[in-house]
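A.B. asks: Residue numbers (the numbering used here), protein chains in the order written: chain Y, 17 to 350; chain H, 17 to 350; chain C, 17 to 350; chain Z, 17 to 350.
Check before you lean on any hint, since a few could be wrong.
Identical copies carry no separate label here, and so any pair may be met within one copy or between two of them.
[Stated by the list, open to error] As a list, the in silico DSS-like pairs of lysine-lysine whose alpha-carbon atoms are at most 30 Å apart:
id	residue 1	residue 2
1	166	178
2	120	29
3	29	18
4	143	18
Since the hints were derived computationally from the structure, they do not count as laboratory data.
There are 4 protein chains.
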Amino acid sequence: MKSEVIVLSEERKVSLTCYLQPVGGEFTGICERPAVLVIPGGGYRYCSDREADPVALAYLKAGYHAFILRYSCGVHAAWPTPLNDYEQAMSLIREKAGEWHVVKDRIAVIGFSAGGHLAACAATMSKNRPNAAILGYPDISGAFAWDLLKDPPDILAAVDGKTCPCFIFASRTDNLVPIRNSVDMIDALTKHDVAFESHIYSNAPHGLSTGDPSVGVREMCRRYPNWVADSLTWLEDVLGGFGPEGLTEPNFGFRINGNRDETLNLDCTMDYLAQFPAVRAMLPECFEGQYRYPEAAGSVITLGSFLRFARLSEEAVRDIETRLRAIPKSDKEA
Amino acid sequence: MKSEVIVLSEERKVSLTCYLQPVGGEFTGICERPAVLVIPGGGYRYCSDREADPVALAYLKAGYHAFILRYSCGVHAAWPTPLNDYEQAMSLIREKAGEWHVVKDRIAVIGFSAGGHLAACAATMSKNRPNAAILGYPDISGAFAWDLLKDPPDILAAVDGKTCPCFIFASRTDNLVPIRNSVDMIDALTKHDVAFESHIYSNAPHGLSTGDPSVGVREMCRRYPNWVADSLTWLEDVLGGFGPEGLTEPNFGFRINGNRDETLNLDCTMDYLAQFPAVRAMLPECFEGQYRYPEAAGSVITLGSFLRFARLSEEAVRDIETRLRAIPKSDKEA
Amino acid sequence: MKSEVIVLSEERKVSLTCYLQPVGGEFTGICERPAVLVIPGGGYRYCSDREADPVALAYLKAGYHAFILRYSCGVHAAWPTPLNDYEQAMSLIREKAGEWHVVKDRIAVIGFSAGGHLAACAATMSKNRPNAAILGYPDISGAFAWDLLKDPPDILAAVDGKTCPCFIFASRTDNLVPIRNSVDMIDALTKHDVAFESHIYSNAPHGLSTGDPSVGVREMCRRYPNWVADSLTWLEDVLGGFGPEGLTEPNFGFRINGNRDETLNLDCTMDYLAQFPAVRAMLPECFEGQYRYPEAAGSVITLGSFLRFARLSEEAVRDIETRLRAIPKSDKEA
Amino acid sequence: MKSEVIVLSEERKVSLTCYLQPVGGEFTGICERPAVLVIPGGGYRYCSDREADPVALAYLKAGYHAFILRYSCGVHAAWPTPLNDYEQAMSLIREKAGEWHVVKDRIAVIGFSAGGHLAACAATMSKNRPNAAILGYPDISGAFAWDLLKDPPDILAAVDGKTCPCFIFASRTDNLVPIRNSVDMIDALTKHDVAFESHIYSNAPHGLSTGDPSVGVREMCRRYPNWVADSLTWLEDVLGGFGPEGLTEPNFGFRINGNRDETLNLDCTMDYLAQFPAVRAMLPECFEGQYRYPEAAGSVITLGSFLRFARLSEEAVRDIETRLRAIPKSDKEA
């Protein structure tokens with residue numbers, strides 16, 4: 017394994033630590049590897065070592081290349097300097113992807129606390145978007161660093177259909193960054209049809225990193241450390257993982273429904289479809305059975321699920337799909 | 017293990033299945049056992065067998081007594097009949113606690129889908145409150161059974177300080193009950209300082225019960241079945257579990273902060289304390305250091321956490337606590 | 017779940033407790049279920065409750081039917097009475113397989129301590145062989161009950177090619193039944209090409225059953241309770257498990273090599289093949305490369321593995337297999 | 017994390033790769049760290065990369081320093097050159113322990129296949145003994161490299177009371193190194209009262225390293241990869257681990273019984289004590305109850321366990337211990 021520290025700004029003490037694993041040879045079928053970019057926390061006052069190497073090692077062990085970004089803190093933290101540091105790091109990794117054997121479109125950011133704030137900004141408003149974001153007890157509001165950030169961004173308002181899939185974990189009893197931060201982020205991701213997974217553990221103080229005993233942890237519920245292994249299989253679900261022949265395709269990917277597809281289809285949600293007069297005209301007949309149409313129409317459940325639940329014949333379902341696809345997306349009401 | 021079915025209403029096909037484990041003898045120190053009351057789903061149309069025995073067995077294996085409530089469905093589902101069924105079942109269990117060797121104040125409900133709706137009603141509005149509630153992909157809005165429930169209750173509005181601790185799990189891609197239901201419940205529990213744990217898995221269809229292959233599952237992310245083991249250690253955290261000498265005390269319990277305690281104290285949150293003029297007068301001095309008081313005042317973080325974070329001396333902290341406790345709770349502003 | 021106790025002998029207090037799970041209906045594709053027959057320990061002095069229900073529940077949870085055999089103890093334990101009890105129980109289960117929806121050839125025994133002795137007898141010398149045996153800290157020598165058994169059988173001498181696959185777990189520091197018992201059994205299974213899995217945990221006292229805290233356990237290494245889940249996936253490997261469409265085929269089965277197949281083949285071991293003069297005449301040429309034939313000939317490794325390791329061409333390997341199959345098994349030297 | 021490669025012999029291509037983690041600072045209480053020395057396999061023909069970095073990373077993640085020894089192979093493998101390489105590496109690590117912040121007496125070796133052969137030699141016959149040894153599908157007989165080793169050592173004969181605690185894992189169906197190797201080693205460790213843990217998995221081919229999908233694995237039973245986590249908690253049991261305040265004491269240590277203690281005591285085994293005429297004269301009285309003395313005398317179970325099992329009074333037990341301690345160890349019969 018090669019290890020290297022690239023200084024991005026000497027003045028602001030910004031650096032990118034690179035841990036690069038071998039490819040090819042005995043690692044049959046592995047010509048390049050996915051990567052994580054770790055963003056430690058520290059209230060934008062410093063970058064915590066407890067959220068740097070120990071985190072990188074968890075993903076290295078799983079076959080990923082790992083990078084650690086130490087970004088502008090303290091007097092250098094005024095927004096958007098830290099985000100610019102991120103942009104520089106991510107753009108460098110993608111630039112060097114060939115040389116470093118990194119899969120360009122399988123790079124996740126993982127940030128903790130203030131680093132979770134920066135990772136969430138990367139996920140929602142950066143130019144160099146990560147392909148997935150893991151947010152550990154993130155300070156979504158940025159409240160803990162208002163004095164340093166000066167003009168902090170509104171992350172919740174920035175969540176939209178282009179936000180990358182997110183994995184959020186936090187503790188209900190976080191004693192520094194209120195759990196409200198994670199709850200609000202989950203709410204925003206739900207609202208905008210973004211793929212996510214979330215784990216809110218009942219009991220743990222702030223800042224436990226991986227929860228491994230060697231990181232110097234304190235009293236916590238014993239489920240807390242599960243986030244590490246869970247985030248790994250989640251990455252496999254949304255970005256793909258390793259298999260006997262090398263890299264594998266994602267198990268599920270991150271499409272939540274069909275609302276953003278090119279044509280209307282059975283994976284569109286009822287409330288979305290209800291905005292098309294032609295759909296409204298066509299559908300009531302399907303719901304003569306168990307469910308009343310007006311109620312179903314308000315639902316974020318997909319039409320396909322409804323039709324199968326209502327036990328329409330396969331033929332009837334196919335017929336509805338054909339008619340749906342013929343309705344222009346431009347016919348949507350304002 | 018004894019097994020018995022008690023008919024609660026023959027007309028409405030309501031019954032309580034009881035699985036009672038032995039106590040005493042070789043089970044040193046175990047004179048009584050905690051219990052779960054399982055409430056299967058089925059859209060208030062029927063009670064699913066897949067969410068009955070297989071769930072009961074998971075908790076039986078962990079040493080719990082298990083009960084299954086089959087409640088009023090279909091034409092009998094008009095509200096509040098199902099809730100009355102629950103009340104009858106829970107009050108019977110507590111009545112028979114001595115004979116059945118049940119720990120009266122360690123009884124959790126666990127409901128799925130429509131059963132999660134009923135379990136959430138038990139947690140928020142029943143007369144015979146459970147001590148903890150596990151809600152599996154709950155239909156909090158009751159939308160799937162509006163036609164049958166007639167006058168369904170508003171669960172979200174009913175969440176308050178008396179709501180029992182909740183463990184919520186669901187799938188982001190639930191194809192029948194929108195994840196919005198669980199997100200809204202988490203939001204309400206956060207708002208009202210209720211203890212909870214939540215796991216939203218990225219990918220799984222509706223209705224997977226325990227996720228055990230023997231329950232006939234379909235494609236899901238491999239983390240989904242973890243909720244079973246996680247709910248067990250969570251119950252140990254909030255209600256207590258089993259130890260070498262018999263039952264143990266809870267690891268954490270379910271107090272989230274000190275806002276509902278008899279006197280003001282360091283575990284009260286900043287935003288709560290800010291409503292007391294005497295506190296507002298007293299605290300700014302503590303925050304001359306890292307954090308500005310006006311910002312901190314809006315926070316749901318406890319004063320104690322803030323003071324420790326700000327590195328006040330132990331003596332100063334103790335002094336503040338003494339002064340806090342002397343301020344009457346009646347001095348709160350409207 | 018139905019529960020029933022069938023008395024096999026009132027005088028000797030022998031009984032079979034039956035826990036039978038539902039099939040069909042919502043349990044799509046499950047028309048019958050595999051089963052376990054639990055044999056508790058107790059030094060042939062009594063049958064321990066701690067190794068009865070708690071064990072049955074672990075397999076019930078995983079979808080199995082579960083039976084518990086309480087066999088002849090104390091003054092009734094003289095051999096072969098306990099084995100006869102087993103024969104009666106297993107033959108009853110197979111007889112009732114249709115009525116009880118049991119898969120006849122997917123029935124495992126699981127015994128602990130003295131019950132592990134009886135289960136090992138079932139595996140090696142019974143008329144009604146189980147399809148797999150799980151032996152928990154078994155008293156293979158029967159030393160703990162010589163006084164009661166009078167004329168105990170020699171299990172190690174009885175191990176042969178017809179012994180069913182075994183899963184053995186025990187503790188290195190077992191304070192009553194020496195670990196030597198399990199080590200000797202593993203040795204015998206190795207010698208006779210029987211499929212097995214074994215887990216010897218570094219630290220735990222005797223008699224911990226499932227290791228679940230609710231069974232009243234004492235100090236043990238935290239890996240101990242893993243045997244439960246491990247035995248379940250092992251059963252899936254050797255007998256098959258549950259899948260989306262019902263029962264699945266075994267992942268691996270229990271064939272260790274080809275020595276007992278109808279014709280010689282590449283899965284036969286080198287030391288077995290070396291007993292055939294025709295093979296001895298034919299093989300040296302294959303080993304001109306990396307390995308010297310005389311050494312390889314003593315190995316229990318299969319010829320196929322050797323040839324692949326020695327990188328012979330696929331064509332050469334196929335040619336050797338053809339010639340092997342033509343050599344009569346009767347040509348083996350005495 | 018610092019990474020460095022120290023060349024031990026340029027001619028024989030022997031090197032020690034060092035991965036050193038930070039101590040102190042935010043890693044409260046961690047002034048030094050335990051370490052693992054990884055010894056890859058490769059039939060003494062080469063050192064496999066698949067059993068080098070991926071293994072080191074698993075222990076690095078758990079807070080250990082990790083070293084990888086690439087030892088003399090091929091024409092340089094004639095015994096004892098590889099063992100000398102090991103001696104040089106281990107003695108260097110202990111020499112630099114202060115500078116590298118390594119806990120001198122918490123260094124485990126971990127070797128695979130041929131590397132397992134070398135690790136087992138380190139455990140049984142080296143001058144610089146490791147404090148624990150993890151042996152992965154070890155080639156105990158050295159059969160796979162007889163041609164290269166020339167004069168391979170007899171590991172089984174070398175096992176004695178000074179052998180360090182061992183953790184052995186292997187697959188029943190290993191297609192290259194027969195499982196007999198691990199079974200014989202377990203037998204020898206049992207015979208000589210050496211602490212160990214062993215896991216023999218039912219199904220997996222040779223050479224799977226950590227079993228992580230990123231190492232390019234093939235079909236195996238799903239329990240196989242558990243050895244990694246299990247070896248970590250085992251190390252914690254025998255050598256100690258990490259806790260909230262830094263390093264912790266071992267949970268159990270590696271004393272198996274009292275036979276090697278300074279004086280006779282209740283932790284000595286019955287068969288050992290039976291060699292002392294004075295004990296033989298004194299003990300029969302204790303066994304008038306449940307167990308007959310002559311049988312018990314042959315047992316490797318400790319006297320203390322027997323007495324407690326036979327329910328002697330605490331007073332009687334203490335009295336026996338006092339008398340035992342007074343019997344000189346020199347009185348043992350030849």
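A.B. asks: Are the hints correct? Go through all of them and say.
C.D. replies: Hint check:
1. 166 - 178: within (26 Å within a copy, 40 Å between copies)
2. 120 - 29: within (26 Å within a copy, 35 Å between copies)
3. 29 - 18: Both, since 22 Å and 19 Å are each at most 30 Å.
4. 143 - 18: The answer is within: 28 Å in one copy meets 30 Å, while 33 Å across copies does not.
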